[in-house]
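Fit chain B to the given chain A structure using the hints.
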Amino acid sequence: MRVTAKAREATRNRILRVSRKLFSEKGLNDTTTRDIAQSAEIATGTLFNYFPNKESVAMTIIAERLDHGEDEFRRRRRTGESLDETLFAYVMAGIRALEPFRRFVGPVIETMMSPFSKASSSEACERVRVSHMETVGELLREQGEAGDPSFVAVHLYWTLYLGALSFWSNDESPNQEDTLVLLDQSLRLFVTSLTNNSARAEKNDDA
Amino acid sequence: MTLDVGELVAALPDDGRTESPSNAALQEMLSKLSHKPVPVGSLTRFWILGTMQAKIAAAYLAYWIRSSYATADEKQRQRNEAHLAAAVKLLGGMSYLRGAIMKVGQLLGAYPKVMPELFMETLSKLHFEAPPMHYALIREHMRNELGCDPEDVFDEFETRAFAAASLGQVHRARLRSGERVAVKVQYPNIAATIRSDFRNMKALLAPMRLTANWENLREQFDDMRQTLVRETDYESEAAFLRKARTCFEDGDQIVVPRVFDAYSTKRVLTMEYIDGVHLDDFLATHPPQSRRDHFGTLMMKATFRVCDRSRLWYSDPHPGNFLFCDDGRLGFIDFGCCREFNDDEWDYMRECTEAVYKGEDALEHAVVRAMDRQSVDQVDPGHMRCAIDVAHWVDDCLLHDGPFDFGSEEYIERGVALVTESVRKHYLRSMPLNNWLFRSFLGLRAILYRLRARVDMKHIGDTELRSVRE
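Chains as they are written, first to last, in this note's numbering: chain A, 215 to 421; chain B, 1011 to 1480.
Here chain A stands alone, though its shape is the one from the complex:
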């Protein structure tokens, strides 16, 4: 029997819907692909036609939530913000969007997004990284940082970002307020290093 694109889309959405619930309730580690398939009322083998593993399912959910976070960031944006403030607002919008899934964000970062992970090359993961860095590049350009950020700046930023996400997923302070401090100070550090580098480059050009 031929599966139409519409039916395929419906199954994919069902997998994501039940996975959101399972991951939120049981966490990533205690949820199996069999659990997901059973809840979605499909064969376990069928699940692999859509996603290679449960981490990819989780990563897809995270990517969707981050898209939602980006929309919220643009909706709530204010004029006259400094670069570190804008970046803070952007990252926090993503964190807010991920809030219902805080329990499984940490393990996903470790297995899928970590710079040390061999498995960090899924399509959803790459999409998250590219989309996020495009927005960061846009924000930098808006604040007068000319050209694309350097390889070093990109790597530094991405490491800080993943570190903040990972910290937040395990943050036991009330309302995760320690994350606010960590993120604020991390981004100030990043912006300071960026600004110092730009100033140094300009000085060298003048010389």
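These aren't lab readings, by the way, just hints derived from the structure by calculation. In this text the structure is predicted, and so the values were computed from the model without any measurement. Errors might be hidden in some of the hints.
Unchecked claim - Partial selection, computed: residues in chain B whose CB lies under 8 Å from chain A:
(1) His1144
(2) Tyr1145
(3) Ala1146
(4) Glu1150
(5) Asn1154
(6) Leu1156
(7) Pro1198
(8) Asn1223
(9) Thr1430
Stated by the list, open to error - According to the in silico footprint, chain B covers these stretches of chain A (three or more CB under 8 Å from chain B):
(10) 296-304
(11) 390-397
Claimed, not checked - Label pairs and their computed distance ranges (CB to CB):
(12) Gly294/A x Leu1220/B: 53 to 61 Å
(13) Gln1384/B x Glu313/A: 54 to 62 Å
(14) Arg316/A x Gln1388/B: 52 to 60 Å
(15) Gly1392/B x Asn389/A: 48 to 56 Å
(16) Asp281/A x Asp1260/B: 53 to 61 Å
By construction, the Cβ of each residue, glycine as well, lies at the ideal position given by its N, Cα and C atoms.
Leaving out everything else, chain B in the frame of chain A:
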């Protein structure tokens, strides 16, 4: 010598006494600090504490070496430079740390003559000039606390804070009902920072474990920790504000801000906005003596009234906590650092107050109790003499006929000499409560000294201490 004081202060104003002291340097320092992370780890903070002290020591050492070769005028100039440099360094360290250490800085800054004048003026800036949080951080923090963005709760919310202190910063706002409010937002993580500071300070006290008064010192230290940690709970402050507010009526010209519970939590406190200026701005208007006396009288009246009627002790009378209004009212704000007397403490307060009016024997008995001893024999005679002198310094104004001159140099210097003697001779044994009482006595006198106020304390004692004296 790696630190050159001259270079350090080259960017500062020529004369810190005539201009606002070290504003340029402060701005530069605060700007640099705003890019430093808040050190949460105990070890990091401990290390910074050490380097901060080392830097201050270096500044004074530089002064000492250079002054050996200087003329008299040059010597005075260098002394000012060293004081200022040390103050800026200290301020730098404290603003960065933001926790209990900053509270200590505020405390020191309130005592004239104990610290060099420029040092004191710079420290007093701590009441208002801590590095601010940007609005995106405020917004997220308030969202955590109130469940939505400030702009969804308030009709207007100023994104830039108009006042900052050690534990938070304050924004002007307007409620949907039209009332103007001041919204105090606590620094995220500050409670953990204070706990970390106290762990460090406890480690610094460790060598004193074998001394005779260790148990008493530990008790005082724990009491201080509990009081400062409670200061991080704005719900507790709201309760104190509500209680204090009931003590005053319109005719009193003393206003304690109303709390808006619907917009307040443990970390956000929304209060009625009081339109007034702080001490420095008030003094800058060169007010006549009558106006200085008027506000000095209100300050003393407010403190005594709250103690007498609510059994609350206002332990934090620094200049940032009083507002001078054009219409003559005094804003009595920030009840974070307040003590509620238990029955035993209240009884002690009554005994001390009674002793003021009864004379030397009663005073001696009160001092024995103040030192947590059972009899005079257990008290070191030198300590007893010093404590009685301090009691006279604090209380004699209550026996003085007519206005008492708190602007007297002789009076403030006598108090400073007594404090210095207590510290130098290690007269540290005391009931924990006394630290807060004395802090308040000193803090108020420091403000009244700067105000050059004359206050009829005998009349205030007769009218505002009725319950205590009954």
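Go through the numbered hints given earlier and state which of them the structure violates, listing their numbers in rising order.
Hints 6, 8 and 9 are the ones this structure does not satisfy, whereas the remaining hints hold.
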